[in-house]
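Protein chains in written order, with full-length UniProt numbering: chain A, 1 to 521; chain B, 1 to 521.
Keep in mind that the hints are not guaranteed to be accurate.
Note that identical chains are pooled: a pair holds if it fits in a single copy or bridges any two copies.
[What the hints assert, rightly or not] List time: in silico PhoX-like cross-link candidates among lysine-lysine, alpha-carbon distance up to 25 Å: (1) K32 x K61; (2) K2 x K456; (3) K124 x K310; (4) K196 x K518; (5) K407 x K419.
Since the hints were made in silico from the structure, they are not lab data.
2 protein chains.
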Amino acid sequence: MKRIWIYDTTLRDGKQAENVNLSLTDMLAIAKRLDQFGVDYLECGWPAANPKDRSFFEEIKKVELHHAQIAAFGSTRHAKNKVQEDPNIEALLKADTPVVTIFGKSWDLHVREVFHISLEENLKLVYESIDYLKRHNKQVFFDAEHFFDGYRSNPEYALKVLETAEKAGADAIILADTNGGMLPSMIREIMSVVTKEVKTHIGIHAHNDSDCAVANSLEAVLAGAVQVQGTFNGVGERCGNANLVSIIPNLVLKLGYDCGAITLERLKQLTEVSHYIYEIANLSPDNKQPYTGHSAFAHKGGVHVNAVEKNPKTYEHIDPEMVGNRRRILISEQSGKSNILEKAHELGLEIKDAFIQPLLHKVKEMENMGYEFEGADASFELLVKRITGNFVERFDIISFRVSSFVKTNDYSYVEATVKLRVGEMEELTVGEGDGPVNALDIALKKGLSVFYPVIKAVKLTDYKVRILNPKAGTAAVTRVLVSFQYNGYEWQTVGVSSNIIEASWQALVDSMHYILMKVEK
Amino acid sequence: MKRIWIYDTTLRDGKQAENVNLSLTDMLAIAKRLDQFGVDYLECGWPAANPKDRSFFEEIKKVELHHAQIAAFGSTRHAKNKVQEDPNIEALLKADTPVVTIFGKSWDLHVREVFHISLEENLKLVYESIDYLKRHNKQVFFDAEHFFDGYRSNPEYALKVLETAEKAGADAIILADTNGGMLPSMIREIMSVVTKEVKTHIGIHAHNDSDCAVANSLEAVLAGAVQVQGTFNGVGERCGNANLVSIIPNLVLKLGYDCGAITLERLKQLTEVSHYIYEIANLSPDNKQPYTGHSAFAHKGGVHVNAVEKNPKTYEHIDPEMVGNRRRILISEQSGKSNILEKAHELGLEIKDAFIQPLLHKVKEMENMGYEFEGADASFELLVKRITGNFVERFDIISFRVSSFVKTNDYSYVEATVKLRVGEMEELTVGEGDGPVNALDIALKKGLSVFYPVIKAVKLTDYKVRILNPKAGTAAVTRVLVSFQYNGYEWQTVGVSSNIIEASWQALVDSMHYILMKVEK
């Protein structure tokens, strides 16, 4: 089993992504999680360009890492500076990391049109920068920016840049497809030349502009690269970096490579790590994401559901548990009996034959209105219980009202009132909040707590809104998904309405019904 | 230039995706658009399994198509039926399409564990089904389901299935990686054997479970496949199908193949077609999507922005206009002067040196609060004008209030009041709506129309909500993006607040200020 080193740049190249803004705390949280997971190298910022990155390098020294080595990122010296006086190189040394990665130009177009220097002078920049850092006892990775474009434009020069880096003592030479435009066949062809010329460890750094970043990285490894650079969830500028969440299981499970600390056992954390990064980066997870996406092992068509019940291998390329994901059976227009029953089974519910048709009918009717039970198991469970007559209504809502008032630059309030009934008793409560849903949640829980004190410990933890695009002539419909927590137990409910307040309200009320039912048991 | 045929299955396999539910009208709209674009084949449903698909085949006959041929999809006959009495085969003939695609098993595991028949009997199913359809003058494509898994499990049998399909007269044999688990190297290896054995046209049908569907499709083409099956935007079950939106430009622009009616000129519609499909399917576009994504040519890092200004090739793999996309300069934490100035330049705004620092400061301050100007050019323009003192406030808001009241199963209302001032005049108006934003929009426009009648023709066209996840101790913040239209002209504004109503209100008010400023000019 050949060893492949995993180099993560979520905290440097990943931050170039549109919509990604990480605070210092976020960066530290991500670094710790990726270290625990077993990533070999963590590229954490560009100290010369970003004060936040400089603080990060200070802070990370106080953290005891299990495995990962921290890398600082920067460029070769500026043409007008001596290497020992170059502020960028100086910032790299000051970052005080075991690894330094510097990028240099290997595309003649860049040397001429961006740096405005001679090709010969660029070689001097590369040599002196690496040499200087090596003499300061750094492990130095040389990132040959735009290498593949450079090779296609001027192969002799591109190779000469690599040769220079090798002579200067670089510990690894990284071939970067900076513009992300390469296809696997191109990587293969160029790698076959490079591996003949370069004896130093080779790495690959791919971007996804041709939708081939993962495949390009794998092709490079098959051709001899031993280091793979990428980001978690493929975050990164433009179309993103090569996605390590796909590359790692492909290397380990499909091609049998050894990724060091990322053992088969660790790989079971992959889904959790992937979602953790989305959460910290405040991005919506990509449900379709290979291996770790919410839909990655979801089965909808009746034929598929049927076959998967007979043998999961029929429609699953791996056992989802190997990457910590799970099989899901979807309830949808294409669902037949098997989906509904399988889903109910998953939730531990029994459904007598007589109720299957009415349930299927109700599910389809609600889906037409915009409901989706795919992310709201608790609402689905309530629906099943209600239809099968197994549900006790523990409270009724009589009415609610919520108002927001804002007087510009002066005063604002959000206030909700809720009137509910439990048995013969009515309760009218009022709550104030940051926003209308917050106020409704407070007023509702205040009222219910009178009868069910357990409700005091129930907490709203997530709130998602999806506007279902208005089609010809009809008003837009809002779908709201909420998550609640009680004592470490979490559940989700859904609401749909043309009024966002009412949709939110439905989901809130369902969640209260759900936890009261669960707690009573 | 070798010809490659593009076979779209958005309307069949794409519909298996979680969250994708297409009405008959949606299906017809998509078929027409893909035909116009120049796709060769449109697989539009499974008539035996789905009544909606049967209606589709009736309706599409009334449509005059420019180029595309319609394909109906189904399976080989059931083991227990004679071919002429098989309801699935009958439904395929009834669909009355020029092309019929039938899938059959080529993986011994499936034959044994799902069909529960002998390997020999399965060959009979394949032969008789194809032969029967050919004798009914259909163009028949045989889809060898799970071919690659089948080959890895039992190569002789998998090849025998292809040989049988060829003998029966199939017009093309499609190799399907149904579970999506293949890697490019595996496709290459197996294709090199298949092309020696099979002389009929070969097609590839890939899924994205290993994140290699696009690369796998390209590898198959390089090895001799002449038909590529996939879906637009890669919609499809689990991790999706191979994305034709990436494959087509890779084939045409990168590898120089001929995709028939999809000429270089047509390719300029790619971004528009991709977004059209998202819109009709009611899915949020993937901003990171290669070639057509909103971020695909977006530059954030100062260094990159700088270089792109010198020569776009430095950080763009193709000219975005070739696929109808465009370059975007982002305003962000990593922005320097160049981003702000470039963005302003893009919007036709001039900023004197003295205002650059205050503007940069303000942008960063607002971004810390959760604002993002990346999708809200109109708000950015207002901000620039306000900071540079070039803005005339055409109205002031004094206060607003919005209330929702619901009495269960009985009565509900949503009512908004707005008090505003223009010069010395105050106006208090009230509006009712489906939801709070709708009511506020109505009341605000009512008030402004008194002074600016042009406002009557302004229409809210889109409303997007993003909940910024609550972090330790702080309340969740809501970011709202709205789109408005006036006379075919469209613009976007943004609002941020812990109260969703207030965030929406800010965006509404900004939009009114914006259009009044534009109209005055």
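Here's how the hints hold up against the structure:
no.	hint	verdict
1	K32 x K61	within (12 Å within a copy, 60 Å between copies)
2	K2 x K456	neither (55 Å within a copy, 69 Å between copies)
3	K124 x K310	between (64 Å within a copy, 23 Å between copies)
4	K196 x K518	neither (65 Å within a copy, 62 Å between copies)
5	K407 x K419	between (28 Å within a copy, 9 Å between copies)
Figure legend: structure checked against the earlier numbered hints; hints not met, in rising order: 2, 4.
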